[in-house]
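Trainee: As a plain string of letters, each chain reads:
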Amino acid sequence: MDAHRAMTKTNSLPDEELMLQVREGVGEMLAVLFDRYQSPLFNFYCRLTGDRTASEDLVQDVFFRILKYRQTYRPGTPFRAWMYQIARNARIDYGRKHPEAIAFEPEMSPSVVPTDSAEEAQQAALLRKALLMLPEEKREVLVLSRFQELKYEEIARMLDLEIGTVKVRIHRALRELRCIFEKLSSGPLAPPAAAEREKERLQ
Amino acid sequence: MTCEQFAELLSDYCERRLPVREMAFAREHAELCLQCRADAEMWQKLSSLPQQEPSPDSRTRFENMLNAYQEGRWEKKALGRERGSWFAAWMQSAFAPPLASALAACLLLVGFIAGEHFSSSHTGDNQQIATMQSELTNLRQLVALSMLEQQSASQRLQGVNYSTQVERPDPEISAALLHALRFDSSVDVRLSALDELRRYKTDPQVRAGLLNALQDQQSPLVQIALIDLFVEMRESDAKDHLRRIEQDSKVNPTVRQRAQWGIEQLS
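Protein chains in written order, with my numbering: chain A, 20 to 222; chain B, 708 to 974.
Note that these hints are calculated values from the structure, not bench results. Quick caveat, the model's predicted, so the values are computed rather than measured. Each residue gets a CB set at the ideal place from its N, CA and C atoms; glycine is no exception. Don't take every hint at face value.
Here are the computed lysine-lysine pairs in the DSBU-like style, where the Cα-Cα straight-line distance is at most 35 Å [stated by the list, open to error]:
#: 1; chain 1: A; residue 1: Lys202; chain 2: A; residue 2: Lys148
#: 2; chain 1: A; residue 1: Lys157; chain 2: B; residue 2: Lys752
#: 3; chain 1: A; residue 1: Lys87; chain 2: A; residue 2: Lys116
#: 4; chain 1: A; residue 1: Lys116; chain 2: A; residue 2: Lys202
#: 5; chain 1: A; residue 1: Lys87; chain 2: A; residue 2: Lys170
#: 6; chain 1: A; residue 1: Lys116; chain 2: A; residue 2: Lys157
#: 7; chain 1: A; residue 1: Lys202; chain 2: B; residue 2: Lys752
#: 8; chain 1: B; residue 1: Lys752; chain 2: A; residue 2: Lys148
#: 9; chain 1: A; residue 1: Lys116; chain 2: A; residue 2: Lys170
#: 10; chain 1: B; residue 1: Lys752; chain 2: A; residue 2: Lys170
#: 11; chain 1: A; residue 1: Lys148; chain 2: A; residue 2: Lys116
#: 12; chain 1: A; residue 1: Lys148; chain 2: B; residue 2: Lys957
#: 13; chain 1: B; residue 1: Lys908; chain 2: B; residue 2: Lys957
Restraint ranges, calculated between C-beta atoms of paired labels, are given here [what the hints assert, rightly or not]:
#: 14; chain 1: B; residue 1: Lys752; chain 2: A; residue 2: Val187; range: 14 to 24 Å
#: 15; chain 1: A; residue 1: Thr29; chain 2: B; residue 2: Phe819; range: 49 to 59 Å
#: 16; chain 1: B; residue 1: Thr709; chain 2: A; residue 2: Glu181; range: 13 to 23 Å
Construct the entire structure; sequences and hints are all you get.
Mentor: The following block contains the structure:
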């Protein structure tokens with residue numbers, strides 16, 4: 020019962036408190052952070068690279084780096100922003116080591132969660148494709164703000180930009196994504212072929 | 708409100724994080740401006756991108772890494788790298804220590820035979836070259852097998868691709884590929900393993916292994932690739948398995964259709 024209570028207490032601790040314990044050498048606390056963030060990080064990488072295999076490797080790399088560089092975590096710093104900074108660096112290093120990964124083929128990325136209808140599957144397939152066609156720096160800022168729930172200030176600090184610049188960049192990225200998406204929706208890759216392919220990929 | 712002002716507030720507006728007054732101004736602008744409204748709709752549309760789940764063995768990989776770190780192995784490795792022992796670091800990162808030793812021994816042996824070959828007279832040259840070739844093949848086998856056991860899926864993929872460099876059909880490699888086909892957590896690795904197994908399709912053990920693999924598969928992509936291979940191999944023993952798939956209502960409809968097509972082709 021006591022063990023159960025201790026576990027519940029640990030699970031409810033804020034990220035920053037857990038990270039401070041990791042910093043002090045309590046490695047087990049990293050497992051709690053892993054359970055909280057492996058899925059958001061995995062989706063972050065999937066949306067950036069479209070490659071599930073590379074994304075899984077990158078998630079592992081992030082947690083290895085957190086352990087390795089745990090002393091660089093400063094008390095009072097938001098953990099999530101610090102973690103995404105590490106995640107970003109890991110991805111840049113991965114790109115340098117695997118330049119071929121840039122020429123990724125979106126069709127290789129299977130979707131795991133089935134959607135309700137063929138129309139939704141088709142829309143998701145086109146959106147994913149459009150996102151991957153966006154220039155990398157725009158894709159990154161859009162993913163960070165839209166999906167990873169980071170604040171403008173955090174993104175600005177991470178990318179070394181002014182807050183205003185971040186807002187403008189997010190807007191430009193969104194508008195460009197919209198143009199690509201509209202082009203794809205009316206192009207030859209639109210339904211039914213895309214929807215059929217997406218359906219086949221569902222697992 | 709101008710379009711520039713709306714652009715600055717876009718994500719806050721869409722996520723309803725604005726104070727009531729600003730929210731009302733933004734809504735009013737979106738109702739009047741077609742472009743800005745379309746931008747806001749695009750932001751909402753992104754929510755239809757499905758969440759993906761990491762593979763179940765991701766947690767185990769993390770635990771292994773954490774345990775290894777806590778045992779101090781990673782610290783030692785980092786120290787080795789700092790000292791500039793790049794070869795040792797490469798061996799440690801690419802292969803498990805026992806395999807690294809085996810590889811080192813093989814390399815030494817190849818070097819020794821090469822030395823003998825060039826320093827001695829030319830009698831028996833052909834035999835020595837044959838021995839060297841055989842050692843090289845063993846070395847390639849070791850590399851391919853060790854890569855197939857790596858934790859990282861991309862390294863296992865490299866292992867599958869590397870196995871093509873083993874020119875002679877090798878039972879250990881085919882067994883490792885079959886294992887990858889049946890049990891690897893990554894669909895990419897399973898598909899690549901299946902591709903490489905085509906080289907071994909005349910081997911009765913591999914044929915039997917492929918039939919077993921069809922029963923285990925959950926991924927529609929791999930199931931379809933297997934059905935296609937059975938048709939290509941004219942494997943009549945597969946018909947019973949295909950019939951079971953075709954009649955199983957829990958199986959993906961596309962796979963069931965493919966199984967039906969397979970049965971027709973094999974009849």
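Trainee: Between A/Lys116 and A/Lys170, does the CA-CA distance stay at or below 35 Å?
Mentor: holds, 30 Å
Trainee: So if I understand the rule, the pair passes when the alpha-carbon distance is 35 Å or less; does A/Lys148 with B/Lys957 pass?
Mentor: With Cα atoms ~30 Å apart, A/Lys148 and B/Lys957 stay inside 35 Å; holds.
Trainee: Keeping to a limit of 35 Å between CA atoms, is the pair of A/Lys87 and A/Lys116 held or broken?
Mentor: holds, 20 Å
Trainee: Would you mind confirming whether the straight-line C-alpha gap from A/Lys87 to A/Lys170 stays at or under 35 Å?
Mentor: holds, 26 Å
Trainee: Checking one constraint from the list: CA of B/Lys752 to CA of A/Lys170, max 35 Å. Satisfied?
Mentor: Roughly 20 Å separates the two Cα atoms, so the pair holds.
Trainee: Does the alpha-carbon distance linking B/Lys752 and A/Lys148 stay inside the 35 Å limit?
Mentor: holds, 14 Å
Trainee: Taking only the CA atoms, is the gap from B/Lys908 to B/Lys957 under or equal to 35 Å?
Mentor: Answer holds: B/Lys908 to B/Lys957 is near 29 Å, not above 35 Å.
Trainee: Sort out whether A/Lys148 lies within 35 Å of A/Lys202, counting only the CA atoms.
Mentor: This hinted pair holds, its Cα atoms lying about 11 Å apart.
Trainee: Can you confirm whether the C-alpha distance between A/Lys116 and A/Lys157 stays at or below 35 Å?
Mentor: Between A/Lys116 and A/Lys157 the Cα gap is close to 22 Å, so the pair holds against 35 Å.
Trainee: Does A/Lys116 sit within 35 Å of A/Lys148, going by the straight-line distance between their CA atoms?
Mentor: Satisfied, since the Cα-Cα distance of roughly 24 Å is no more than 35 Å.
Trainee: Cβ-Cβ distance between A/Thr29 and B/Phe819: within 49 to 59 Å?
Mentor: holds, 57 Å
Trainee: Within 14 to 24 Å or not, the Cβ separation of B/Lys752 and A/Val187?
Mentor: holds, 21 Å
When each numbered hint is compared with the structure, no violation occurs for any of them.
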